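*Asks:* Sequence:
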Amino acid sequence: MNQLVEYLGLFLESSILVSTVTFTRKYWWVNIITILILLGNSLTVVTAINNAKYQLESGLNHISFFGSTLLISVQIEIAFKQLSYCISRKFFGKLFYWVQELPARKFDDIFGDDPQNIIQRRRKYSALFFVIYNLDFITTATIFVFRVILGSDPGRIWQKIPFIENDNHPKWVASLHAYCFSVIGVVTPLIDCPLVIIGIQIMGFLDIIYGAIQHLKKEEFVDQYHKILKNVFELHCEFIQVLNDFNNATRFACLFQFIGSMLMFLSTFSLITIYPKDVFMYQNIFCVFMQLAFFCLFGQIIEVKTDKICEELYQTNWYNFTQVDKKNLLLMLKISQRNYCMKAGGMYPINIYTLFQIIKLAVTYCTLMVTLLN
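Position one of the sequence shown corresponds to residue 160 (this note's numbering), numbered consecutively onward.
What the hints contain is simulated information worked out from the structure, not anything from laboratory work.
Where hints are given, some of them may not hold.
Claimed, not checked - Derived SDA-like pairs (lysine to any residue); straight-line CA-CA distance at most 25 Å:
#1 Lys265 <-> Val438
#2 Lys265 <-> Asn276
#3 Lys493 <-> Gly370
#4 Lys502 <-> Asp484
#5 Lys212 <-> Ser201
#6 Lys467 <-> Lys249
#7 Lys467 <-> Met421
#8 Lys464 <-> Val438
#9 Lys249 <-> Gln259
Model, not experiment: these values are computed from the prediction.
Input sequences plus hints: build the corresponding full structure.
*Replies:* Structure follows, in structure tokens:
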């Protein structure tokens, strides 16, 4: 597991490098991957737009048209996330360094091994998430490839080479689909991993603060309340700084995630409406849902955990504190009462309510679109 976590850190760094289209001498293979990804993304956009245009001009094939709009939506999300990562590279560098240094962090002996155990568990969760999340998207992309290669229905061809007649496509365009779908299956989860993995570490750090506050409720630590409170205050201030950096790093990425998810939900819901018996369409929408749900779920958890810390501070044995410690506790309570949460674009809170709102809007617009096209 430790070796897997080390590989995870390497993938986390390489995903940022790939996402920002940054060439590096340290990892030569990242340069090759970057070129292949840029080529695959460019081909996907051009051929998908060309096919959507073709379907609108000549008798509309719904599965091909909405398939193309889905590919376009994915590429819009990827492109703008890459741009946002590039803009926020400084904040990602700070956060990535913070995540790397956590396992070697020395906490006060009062807390025992609890902080290190929490950090190790969160690293295992990160590794598990990385494997499952990437495997799901890669599996979905692989199924797409086989359906295109083995399928006999030309209407399932979602990409069209410009200036080439449609009748000439089915013979060799399958290789283009295989390449483009493979790129999407690798890049889509890869650019999400830095955000979610760092979010997992932040949640673990909140658990460390929560555990430290519990010591302020125990009578056996009454002589060390001043020291514990000082540690809690420092950890809480560090959390606020880390969360601010995280929001600065992800504010545009999360906003583009919402826009991209809205478009992808619109396309996949339209496909399910027209082809409700196609089981694979439900696998496709599961990937779209999972991509958005992780962000909203983590935003909700962080919000709940910060509120819980405020509640726990109220329940400490404050009456045993010195006068100075009581003043410090009041300051901490005032700080903790602020609404700490993830925000998209620095404005919109990211939580479960946001997830339901996006799905609701997508279903509404999907109904209107299918009705108009029919």
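*Asks:* Each hint needs a verdict: does it hold in this structure or not?
*Replies:* Hints, one by one, checked against the model:
1. Lys265 <-> Val438: Between lysine 265 and valine 438 the Cα gap is close to 51 Å, so the pair fails against 25 Å, i.e. violated.
2. Lys265 <-> Asn276: holds, 12 Å
3. Lys493 <-> Gly370: holds, 20 Å
4. Lys502 <-> Asp484: violated, 33 Å
5. Lys212 <-> Ser201: holds, 17 Å
6. Lys467 <-> Lys249: violated, 31 Å
7. Lys467 <-> Met421: violated, 32 Å
8. Lys464 <-> Val438: Roughly 38 Å between the alpha carbons, so the hint for lysine 464 and valine 438 is violated.
9. Lys249 <-> Gln259: holds, 16 Å
Hint violations for this structure: numbers 1, 4, 6, 7 and 8, all remaining hints satisfied.
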